[in-house]
Amino acid sequence: MREPPISIHSITLVGFRAYLHEALFDFSEKPCLALFAPNGKGKSGLVDAFEFSLSENGTIERLGIRATHNQAGVTALAHDLAADHGLPTEVRIKLKSGKTVCEAIRSISDDRARPASLGGLLARLMVDPIVRGYALRKFVESQTPEDRYTEVAGWLQLSPLVEIQKNLRLLRQQVKADAEDAQPKADINRQVAQITAGALTEWNEVAALDFANSLLRSLDAQLVMASFDRNDPTYVTLFERVAAEEQQIGIAGLKQLKVAIEAVFVEGSGERVVEGALPAFEQSVADKQAAQTLEAAERSAAANAVFAQVWAAAEPLFSEGAPSIDNCPVCATPLPNTAAGSREAIAEHIRSHRAALAAYSAAKDGLDKTARKVAMAHRTLQANLAVLRPLLPSSETACIVAAAAYGDSIAPWLDGTPPESAELKRLLAALLSAAVAQIAEIEARQGDNTYAKAKAKIDALLETKDQESLRIQTQDQFARLLSALNDQATFISSAIRVKVQALLDLLREPTNRLYRAIQGADAAPIRLDLPPEEDLNQQRLLLLIDFSPGRRGVAPSGYLSDSEIHSLALTLRLAAIATFNSGAPIAILDDIVTSYDADHRRTTAGMIAAHTPNLQIILTTHDQRFFSYLKDQLGDSRWAYLQITRLDRDYGPRFAGHRISDKIIEAQWRDGQSAANEMRQAEEEWLLDRCRQFGVDIRIRELDRAYSYERSELASALAAYLNSAGLSPPAVRGVTNRFLASLQKGEIENFGSHFQDGPYGDGSIGDEKARWEEFKFFRDHFVCPACKRTKFKRPLPLKKPVCAHPTCEAQFRFAAVVPAASAPGLLKVTETGIKSESVS
Amino acid sequence: LSETGRAITDKPDDFLTGLRSDLADQPGCDTDLVTIIAEHILVSSPQNDCVARARRAIGQLAKARATPDA
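Chains as they are written, first to last, in our numbering: chain A, 1 to 840; chain B, 1 to 70.
Here chain B stands alone, though its shape is the one from the complex:
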C-alpha cells in the first residue's frame, strides 16, 4: 500500500480514537451525548446490548434535563 493507503487503512481502534476526539471537538456539540455515544457505540468491541444501554442513558439524560430541579 502507498503511504496514503496505509493512513486510510488505519486499524479501527486508531480510527475510532481519532473519531471520538474529533466528535468532542465539534463546536456546540452536546458533550453529554458525546460521552454516551463514545462509551456505548464508538467502540470497536461494543456490548451486545450497547444500543439499549445508550438508549437508556439518553432517556435518563432527557428526564434529568426535563426536571432540572429534581
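Excised from the complex, chain A in its bound form:
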C-alpha cells in the first residue's frame, strides 16, 4: 500500500537568520502560505530554514560552511543576538504523513547533523523543492548544456549516473591516449640511436639488419645475416667467433700491452724522450750515487762539526759592529796570544767553518731526497713489471724470460748498482714497436670493432626488436580494448540516455501546460532533449523551443523575452516537483517573480492557482503586486497570507494581516520609507471591497492601455455604479487629489506612484502623507449612516447597498465626515454638507 504523502505541518525558527525570538509558521489548517515583505525584512529566512534543515552539511548554499571568499559561512545562520539572549539557533520542522506527525530539530550549536527523522522526506524528494528566483534565469540563459544536464540529473537523482558517464568519458579518453601513446615508440627509437651511435634514428628491422651486417662485414666479409633473428645461422656463427676471439689478443689486448710496456720502458727517438719506470728507476739510482759522493766530501770538510755550537755562539762576538773584546771569552787568553793572533782572524776562522757545515747539511738533504726517490721508483718499477709480465704474449719467450730475470733481480735490490737492463729494454722496445704496428693494422682492418662488441650491439638490437614487437602487440591490444570499451560505453550511455530521456518526456507535458498557463495558449512548445545518439558527449541537455515553423528546436534565450524565460524556468521546476515529488508534494518558492510586468505576475499567480492544486506551496515575495494577485486568485481555503511589516533587530520580523492597514503605512513613514506601494495597495483593496459589497458590475476594458488595468477598472465600475444609483460622492473643493477626481471620472492610472505626473515617479513622504489623509477623508464617506459600520451588501434586486450588519441594514448614503484636527489643510465634511475650513 502506498504511503500517504508527506507535508510540512509547521516550521519554527528561533535564533535563526532574522528571527531572534521564536516564530511559528503553522500549516496545519492552511497548507500553503504566501509571505510578503520588502527586501531585507526576513522573508527568505523561512526558505533558508527549510534549506538548512534538509541540507547535507547544515548550511545553505549561498552561505557555505566557512567564511571564505564571498561566502559568510554557517556563522551567518545565527541571529547575531541569539547568544546574548541565551537562545539557540535552530529550526524545528514538523512533518505530517497521513495522521502521523513527527518533528525534526536541527541546530547549529552542535555538529549540525541532519536529523534522522528527515530521512523519509529526503527519500521522497527527487527534485529539490526549493526554487530561488535568482537562480531561475541562470538555468535557461547562462547554463551550459553540460551544467544543465548535471542539474536536471540532480533533480532526478541521477547524479551517480552522470558521474558514471563522466568517468566513462574520461576513461575512454585515457585509454585512447594509452592506445595512441607515442612515448614507447620514441623510447625504442632513442634506444636504437644509442645502440647504433646515431647510424639509425628509428627502429626499422631492415635497417637494423643492414647495420648488423655492416658490423659483421668489418670483421669478416663472409659473415652476413639473412634475417634479423637469433636463429639466423650467421648469428650462431657469431657466437663461435666471440668465443674464439676471447682466446686471442685482440686490439684491446694489444692496446693494454702497449700501455703496460710504456709504463715500464719507452725508447727515446726523435723528439720523444726516454720514459717509463725502468729508466726512471735507473736515473734515480744514479742521482742517489752522485748525492752520496757529494755528501761524503762535504762530511769530510765539516769534520770539526763538533765545534759547530761554539762557533755559532762565538760568531756574534766577533762580527762587525759588535763590542770590541780583548781576551778570549772562554779561556781569557789575550787575543794577540791566540793561534789566530787577532780579533779579525778569529772572525774569519769562524766564518769558514760555518760555511763548510752548511754545504754538508745541503749535501745530506740531497742524499736523503734521492734515497726516497730511489725507493719510490723501485716500488713503481716492480708494480709496473707485475702488470706487464702477465700481458706479455706467450710467443715472446725472450721478453718473458728477460722480464722475469729482471724482475727477480730487482725485487731484492736494496742499494748499489741496478740490475742489468739493456737486454730487457731492447726486447721491450721491439715488442712495443710490434704492438703499435699490430694495433695500427687491426684498426685499419676492422676499426674499433670486435666480434664481442659486434655481438653486443646485435644483441641489443635484437632485444630492441623484442621490445618493439611487444610494444606493437600491446598497442594492438589497447586498440582492441578501446574498441570494446567504446562499445560498452555506448551501451551504458544508451541505457542511461533511455532512462534520462524517459524522465524528461515525463516532464514535457506538465511543463508546457504550466508554461501555457502563464504565457498563453499559443506559447512556444518547450522540450528538454539529449544530444543526438551518435554524439559522444551525452552529458548535455538541450533546452529547446519550437518558436515557429521555421524556428523549431531553437535555444530559448534568443527568442523569448525575459519574462518568458523566467516563466519557462519556473514552470520547468514546478513541473519537475509536481511530477517527481509526488511522495512529498512541496514547493518552496522564494521570490519567483521580480520586476516584470503586471500581466506576468497575474498569469503566474493564475498558473499557481489553477495548476498546482496538489502542491503545498510556501511562497515568499517582495513584490506586493504579485502578493495581491495571489490573494485575489488563490482564495482563502488552502492559503494563508502573511506580511512582514518591519524587522526589529532585537525581536525579529513583525507580521501583519494580509491587508494593508493604516498602521502599516504609518510604520513605513516612521522608518523613513516611502509608502507609495502600500497606499496604492490599500486603495486597491478598498476599491475591491467597495465593488464587492456594492455589487458592482465590472467591464474589462480593451487592452489599449496596459497600465490602465485593474484599479482603473474597479474605479470606473464603482463610479459608474454610484452614478447609476444616484450616489454622488460629495464634491471636495480645494483638493486636487487626482485619485478622487479620477475615481469620479472612472480614470485611475496604474503606474508606480499615482501622485506623480509621470509614471514611476517618487513623491516625497510629505506628499504621501497629505495624499493619504485625503484618501482617508474620501474613504470615510463610505460608512453606514445609521451604525457607522463600514461593511455593506446589495442583495438583488436592491439598487442601493445596505449595511451588512443583520441588525442594521440601513440604506447607504454618503455621510458627512469631519476630518481630524490634526489633518491640516483638509476640508470638514458634515452631515449637512461640505464646508471649507482651514485648520492650518
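Keep in mind that the hints were calculated from the coordinates and are not lab data. Just so it is clear, the structure is predicted and the values come from calculations on it, not from any experiment. Every residue, glycine too, gets a C-beta built ideally from N, C-alpha and C. Treat each hint with caution, since some may be false.
Derived DSBU-like pairs (lysine-lysine); straight-line CA-CA distance at most 35 Å [unchecked claim]:
(1) A/Lys138 / A/Lys373
(2) A/Lys185 / B/Lys63
(3) A/Lys769 / A/Lys793
(4) A/Lys94 / B/Lys11
(5) B/Lys11 / A/Lys138
(6) A/Lys457 / B/Lys63
(7) A/Lys96 / B/Lys63
(8) A/Lys166 / B/Lys63
(9) A/Lys41 / A/Lys30
(10) A/Lys499 / A/Lys41
(11) A/Lys30 / A/Lys791
(12) A/Lys793 / A/Lys631
(13) B/Lys11 / A/Lys453
(14) A/Lys185 / A/Lys793
(15) A/Lys663 / B/Lys11
(16) B/Lys11 / A/Lys499
(17) A/Lys94 / A/Lys176
(18) B/Lys11 / A/Lys30
Some chain A residues flagged as far from chain B (calculated, every beta-carbon gap over 12 Å) [unchecked claim]:
(19) Leu24
(20) Glu103
(21) Leu171
(22) Thr474
(23) Leu481
(24) Gly520
(25) Leu530
Here the structure of chain A is known, so what remains is to put chain B in place on it, guided by the hints.
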C-alpha cells in the same frame, strides 16, 4: 508518479545492477573488460581514483594479452 514513471525512476543502485547484468549479457562482449568496468565505474559510489584504477587494470590486461606466454 505513474507505474511507468516509478519504473523509470528506479534508484541508481537498482538501475546499475540491471545495467551490469545487461552489459555482461551482450553477445561477444569482452568479459574481462566488463569486469573492470563493473568493478570500478558502474557503481553508485565510485572511488575517487576509479578512472585511474580502471585505466591501470585495462593497461595490465592489454600487456597480459600482448604476452600470452609470460
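Tested hints:
1. A/Lys138 / A/Lys373: 96 Å, violated
2. A/Lys185 / B/Lys63: 15 Å, holds
3. A/Lys769 / A/Lys793: 31 Å, holds
4. A/Lys94 / B/Lys11: 27 Å, holds
5. B/Lys11 / A/Lys138: 28 Å, holds
6. A/Lys457 / B/Lys63: Roughly 27 Å separates the two Cα atoms, so the pair holds.
7. A/Lys96 / B/Lys63: 60 Å, violated
8. A/Lys166 / B/Lys63: 26 Å, holds
9. A/Lys41 / A/Lys30: At roughly 23 Å apart (the allowed maximum being 35 Å), A/Lys30 and A/Lys41 satisfy the hint.
10. A/Lys499 / A/Lys41: 44 Å, violated
11. A/Lys30 / A/Lys791: 26 Å, holds
12. A/Lys793 / A/Lys631: Within the cut-off at roughly 21 Å; holds.
13. B/Lys11 / A/Lys453: Not OK: B/Lys11 and A/Lys453 at ~69 Å, beyond 35 Å, violated.
14. A/Lys185 / A/Lys793: Not OK: A/Lys185 and A/Lys793 at ~96 Å, beyond 35 Å, violated.
15. A/Lys663 / B/Lys11: 54 Å, violated
16. B/Lys11 / A/Lys499: With Cα atoms ~11 Å apart, B/Lys11 and A/Lys499 stay inside 35 Å; holds.
17. A/Lys94 / A/Lys176: 54 Å, violated
18. B/Lys11 / A/Lys30: 33 Å, holds
19. Leu24: 33 Å, holds
20. Glu103: 27 Å, holds
21. Leu171: Label violated. Min Cβ-Cβ 5 Å, cutoff 12 Å.
22. Thr474: Violated, because the least Cβ-Cβ distance between A/Thr474 and chain B comes to about 4 Å, which does not exceed 12 Å.
23. Leu481: 6 Å, violated
24. Gly520: Since the minimum Cβ distance to chain B is about 28 Å, A/Gly520 lies beyond 12 Å and the statement holds.
25. Leu530: 14 Å, holds
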